[in-house]
Each structure stands twice: as structure tokens, then as C-alpha cells.
Amino acid sequence: MHTEPSSTTHDTHATEATHAHIHPAPEGFVRKYVFSLDHKVIGFQYFFTGMLIMLIAGAFAILMRTQLTSPTGAIMDHNTYNEMFTMHGTAMVWLVTIPLVTGAIGNFVMPLQIGARDVAFPWLNMISFWIFPVAAVILFSSMLFGGPHAGWTEYPPISLADGTAGALWCAAIFTIGISSTLTGMNFMTTIIKMRAPGMTWTRMPLFVWATFATALMNMFATVALSVATGALFLEHVFKIPWYDPSRGGSPVLFEHMFWFYSHPAVYIFIIPAFGIVSEILPVFARKPIFGYKMIAFSSMAISLLAFTVWAHHMFPSGLAPWLQLPFMILTYAIGIPTGIKMFSWIATLWGGRIHFTSPMLYAMGFLITFSFGGITGIFLASVPVDLHLHGTYFVVGHFHYVVAGGTFMGFLASIPFWYPKATGRMLDERLSLLGFWLFFIGLNGTFFPMHWLGIEGMPRRYASYTAFAAQNPDAVFWNRFETAFAFFMAASIALLVFNLIWSLKHGKIAGINPWGARTLEWTISSPPPYYNFKEIPIVSGGPYDFEKPLPYKNTDNEIEEFPEYGKVLMPTPVLAGSGA
Amino acid sequence: MAQRIARAPNIVRVQGLGPGFWPATTLLLLLCIANSLYWLFGNIDWLLPSSSQPFSDRVYDIDGLFKFMAVFGGDIMIIVTGYVIYFCIAFRARASDPPDTVGVPIHDQPKLEFWWTVLPTILLVILTALSINVWHKIQFGVTSPGLTMEVVGHQFYFEYRYPGLKGTTTEAHLPIGVPVRILITSADVIHQWWVPELRLKMAAVPGLVQNLNFTPLRAGNFIVTCSEFCGVNHSQMQGKVVIEPVAAFNTWLDAQKTAAAAASIPIKLSGGNVAAGQAKFHQICSACHHDPPTPFDQKLVGPGLLHITDDPQHPTLVTGKPPTPQNIAWILQNGFTGSIGTMPNRQANGLSAQDIANLVAYLTSLK
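Protein chains in written order, with our numbering: chain R, 356 to 935; chain P, 9 to 375.
Extracted from the complex, chain R is given alone in its bound form (with noise of 0.2 Å):
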């Protein structure tokens, strides 16, 4: 497969000659699910390893927010907590959002989506994934040398109170960050240059647009973290006072560069995001995306303005204030694109046929959650009202309407949507349903309280809040109402796992299409063969066109094989029973 020609494959001649370039499967256990190349195999590997993280991280949360039904600290010393919130947050975000959204996702959906064999790198994207669990391991091991304690931003000087495990995470941080840059540098190639022939940028599917922004951001912004996580690992091990005050270091240096990366980073998360619901809601209500240039560009925009509001998270922090003004004006700007993109997709659903499946609604409680943390982050990129709300739960609640509403939202429409490509069968829909019930209720009644104990002066990361409990007494009854809230979303969480397992046997057989989408991982089996497409299909039009015919040619090969591809304009029994 790596042999693939890429840089010609815009060219019919050589086109031809790829066609019937199909290698041999794999053959052996450990080439075909370990080592794999396939990105499919990649995928379901990043999935499964961030889905299990996911589970340790989400353990800790839930034992965070035990820990805040008493105000002194229910179950465990403020030690304790404080490496629960740092591993919590440190293992949400590296480990398991890029990993699920762009690891497991992109790498699935993105290659099948532009009609191609594979990514251009297949070699390195084994590398890129392997090096993933390696990172893991460190992580997690920094726990038996006490465990870092600062936060996931890790801000020195307090972090270099960290020791052996302060060096550890560091060294984690770095590791993953090179996972970051390679799939970034992997999926830019490959949607450059190994797109199917005649699909021009302007008939590429929403979620590949998507994908594209932010391999943008991984392979420009993973540096600056890289550089960052390395400088305070030589402290930690060299004591070369990088960040240390005390010896000429300085701490702004480390939040600057933390945050040159982590704001572009917050983007990472939310642009697959974006690309899910802008794949979903067209084929639930049976109408094309509303405005793709729009939101196709807009994608772009963002990633691009990306880079140029990191400091937006340091207003108190030591920043002079002329310097405040650009990064304030910034942020509000990055509002505009924001909001296109939203009404664009609340545009889409006018007119349309909208069937409530399990992804619909989960794309669409991403619409309003996601619309709430964007608001939320208005207020915080405002200098003057930052200067009273930085680093209470006012920001601990915007950023999980973010992450968590938008896209964890996000990334849990992918996968009822998607289960059926990858494993052949239908997700269990009823369950799935009650998921999504769960979670949503869930999500709200957690971190929507947040806000208002943020805005009345409940500092984040606090193990305990005697002293803000004793000022305003109906803190204790909100922070047990977040945390009853929060088991509906273990719930949901646990739920899904089953589901997952369960409908492996028992799911409806899915067949090629049974969502009548339009996109080309729709004209292949499900589970997709290994080389994905036997003839490299020939694009005539854009994914989102329900009343004409499907723009692809050359898949015959396909239709052969799978006589119910016919039904690829008709809805399924699925989709039909569950409208109504």
C-alpha cells in the first residue's frame, strides 16, 4: 500500500495504473491487528486505547466530584485531589480527545471518505499510533512516584515541586505531542494529494475539510508544546532554571508557550467536531449542508485564528496590558466564523425530513450545548470581566460545555453513525437513544450550575471550600446536585461500552448503507475490505445532493458484490421507523 504513487494520483494515466495495484492482505496475527498499517486497524486501536483511558479518567472525575459533596473534602486529602484533577484533566486531553476525535475518527472515516487505500504514510502512521500507549505508560507511572499535582497546565515554578513525577509527565507530554505532529503531517499529505480523482477541494466531504484544519493546527502548534514539555523536563532532571524564578527562570516564558499550543489545541478538539455534525445532520434531515463553503472556510479561519489568541488565557497572569487589547480584539473575532458555522447547520435543518436516530440527536444537543460554551467564552476573552471570573468554576464550566458538550458530543454522534461501517452491524439503537438522554442531562446538570458558583467566587481546583461554602450556604446543595448529575453521564458512558460489546453479536445487520448518506465510505461493505476500494471511484459532485443521483463513478465492482446497493437513495428500516 505505501508504495502508492501518491504525487501523481491527480493524474488519470497514473490513476489507471493504481487501480489494479491492490496488495496481498496481511497475513499473521501480529501484522494484521498489532502492527497493522491498515488505518482502519489504526483507528480501532486508538479507539480502543482512548476509550479505555477514557474510563481511568473519568473514574477520577467521578472521584473529584465525590470529594465536593462535603466542603471540607469528602473521601480523600488535598494531596490526593490535586493529582486526581491533574491526571483528570492531563489524560482528557491528550489521551483521550485527540486520540478519539482525530486518532480514531480521522483515521477511520477520512481516508474512506476521499476514496483512498490508505494515508499517504502508512509506516509512520503505526508509529504515530504505537507511540500513543508508550506515552500512556508514562503518564500513568508518574502516579507511583507521587503523582504531578499542578494542574494539567503544570505551571512552574509550583510543578517543579513535582520531582520524578514532574519529569515524568513532561516526558509523557512531549511523546504524545510527536504522535501529534506526525498524524498531522500523515493527514495533510494524504488529503493533498490522495483525494479520489475529480474530487476537487469543493466536493470534499465537511468531516475531511474538517480534518485538514486540524492536521493544520497538530503540525504547527505540537511544536511550541513540544519545546515547552522538553524545557521543563531538563529542569526537572538538570535544574536548568528554564521557568525557576529563583534562578533567573522565567514562569510567563511557560504559560506563553503552554498556551501558543493549547489554545490551538482547544481547536484540535472541536474541529472533528464540527466535521461530525456537518456529516450528520445533512443525511438525518435528508437535505444538503446549509452554506459548505461557508463552513468549509470557516473551518480554515479558525485554525488559522487559532494561533493568534493564546494569550487570552493570561490576562491576570502577567501580561502588559497594551498587550491584552490584540488578544481580546482576537478572540472576539474568532466568535464570527464560530457563529456562521452554527447557523449554517441550524439553517440545515430547515426544510428538511429530520429523523430523531441516536446521531441526530446527539449532533444536535451539540448544537446547543456547544453554542452555550462558545457564548460562556465571550464573556471569559472579555479583559475586564476575565479579571473577575479567571480560574473559578465559571472556567471549568465553559471549557467541559466545550470539550465535554461539544466534542465528546461530538465525537459520541460518530459513533452510532459510524459502528455500522466499521463492524457491519447496527449499534443498538434503543440503547444508544437512552445514552444520549443520559448524557445530555447529564452534561447540563453538571457543569451548568458551575457557572453561577464560579461567578459568586468558587475557585477552581480547590479540594476543599469551607470558606466559600460559609459565604454563600447553598454552595454545598450545588455542588452535590453537579455531582449527582455527573453519575447520569457515567452512566450514559457505561452504557455505550456495553453497547458497544453487546451489538458486536447481536447488532442488526447493517449492509452497505443504512443511513442513506452519500458520502464514499457508503458505496463499500461494511466492514470496508482492506484495501477499501477495489476500483478508485471517480468523483462528479459534491456528498450532500439527496435529490440526484450519487456523483460517484467506478464503483460497480461495489454493486456487483452488494445488489442491495440500490437502496443507497432509500432510507432503510431504520431510518424510516424511527421518524414518525
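Think of the hints as simulated: they come from the structure by calculation, not from any bench. We put the beta carbon where it would ideally sit given N, CA and C, even for glycine.
If you want the ones that stay clear, here's a sample from chain P, every Cβ over 12 Å from chain R, calculated:
id	residue
1	Thr177
2	Val254
3	Gly328
Derived coverage of chain P by chain R (criterion: at least 3 residues anywhere in the stretch with Cβ under 8 Å from a Cβ of chain R; other residues may be distant):
id	segment
4	115 to 124
5	211 to 222
We have chain R already, so just place chain P on it with the hints.
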């Protein structure tokens, strides 16, 4: 393949903007008006502490901006959520639909897209103008402060310094009506000094001095809380801030000055008792200095003190000053941090003025 192309889908027709569009839109607009009126005229003290009766001049500006954002942020949320729900109802698939029913095949609507780009842009330009105005006021509003207070963050307390006050306090007092400049730094790690009721927050960064400017308006007691993670007891790092009338403030500051003066000068050097000093040395100092005293280089934690007044190798004290009784007493009084390490001060060692006199007598008697 023929079958695939031959099937003509059943395209939904929509009358106007859809069934019930205008009633739904009217309802949403009414909700938006209600939301706007609530934020503009309602009492939101439950949310923003003491918003209607501010203790600090910043509250007017910051809360005003907050309310403006809550108005349009809330309105946008109502519109987004409202239309998602309305479209779900109005454009739901029906069981009676033929199996290949598709929605209205529109791809875009340039006019609509123009307005939903331009209107939020205008809104954000207005917000930018308002924000810059408030930003300028709170950053540069105080040009000639009547009082400059310094805050130093420590694990896990804030320490305050006032002009003319030798020594520090652990409580901040501020006078009503006097423009205040607060200079903030840290002695160890990054902290954040936050008084929610006053809308005052600034990070205490070691090696960097930042400032906050404001004018206190009414008397009150507040909790200052650390809002940047600073270590194991971060959540216990609270202190007290008192705003009081100028007269009360001056009384308090004078009392602090008197107390500091009392604490900083050794009451006496005469009347020291060598035997009592030796007993104290045995009880307290022997934790870090060899007892009986040894030559300088035989260190326990601190150096040996046998030749403190007559060591040719070390003619001065660790402070670099000659070993006079006065200078020895200064170390006992204030403690000292040098290349060898840190010696705690009088309070930490629990020494009275008499103890210092006794210890000086004992130490100077050693040969």
C-alpha cells in the same frame, strides 16, 4: 445500477417559511426581550456579589459589561435552542413519508448568510468598543493613587506592606474613597489575589510586579482567596480584606506601625544573664547549632558559634557586619537567610527581649 438512477426522490414542499414559523419566531423574540429586560433591570446580586450596592468602583464597569454580554449571549442561546426545537417539530419525518423522501434542496441563501455574518460582527464591534472603554478605566483610571499597598503571595497566605510601615501584615485594610494602587508579586510560586465582591483579581508572579487600581466605595469585610493553584493547601489560602473609613484606616495603620516598631527594636542589650542565656541556647539554639558551641566550620545545620566574636578566619557575622552585641542581637531578632541556610526570626524561635539579651551575653562570653 439502473434502479439507482431511475428512482426519483420525493422532495418535500414547504409553504412559506414553514408551518408555524412566525408564531414560533414571535415567541422567541418575546423570550429574548424578557431575557434582555432581566439582565438590564433585574437584581442579580445572587449571581454577581453586591452588584447593586458596589463596594468598589470597578463593579459598575465590569458588571455593566457582563450584563451587556448576558443580554446578547442569552438572546443568542434562546434563538439557537428555540429554532433547533422548532425545526425538530416542524420538519420532523412522518411515518407516512414515502421511503425516499428528501428535504428542500437548498444549498445557501446569500442574503441570509450576509446578515448573519454582518450582524454578529457589528455586535462584536460594539462589544469591543465597550470592553476597551472599561479596560482603559480599570487599567489606567487611577493616575495618582492616594495609597499604594503591596501584596506578596506566600504558600499559603498573603502578606501586605504599607508605606511607612516597617514589617508586614496579614490583613489588608483599605480606606473608603481613596484611589488605591495594589502592587502584587510572590515570594515563591504563582498565586492569584482575588476578592470577588470587589472584582479584583491579579496573579502574584514571582519575579514580576503587577498592579491593580481601584477606589473602595463602602465599608465591609471580605475574604481574599487564592485562585491560581499554588500547592497542597491551595484551597485553604484565604485572608481578610477590610474596607473602612479613612479615620479607622489611619488608626489601624498607626497601631500596626507602633506594633512593628515595638517588634523590630531589641528592647535592651544590658542586663543579660550568661547562665540564663546558656540555658536558652541549650533549649532552642541547639536544634541547629552544636551545643556546647564548636568552631565555625563544625556545622550542625547552622555554623558553630564558639568563636563568634574572635574568629580570625571569620572576622564578620554571616550578615557581613562586625560581631558587635548589637549585630548579633539583630540576627536573633530578624533571622537571616544566607549561603549556609536560613535562621528563623525571633517570633519563630519564641524569644522574648530578655531572652535575646541573655543569649547575646552568653554568646559574647564564649572564647
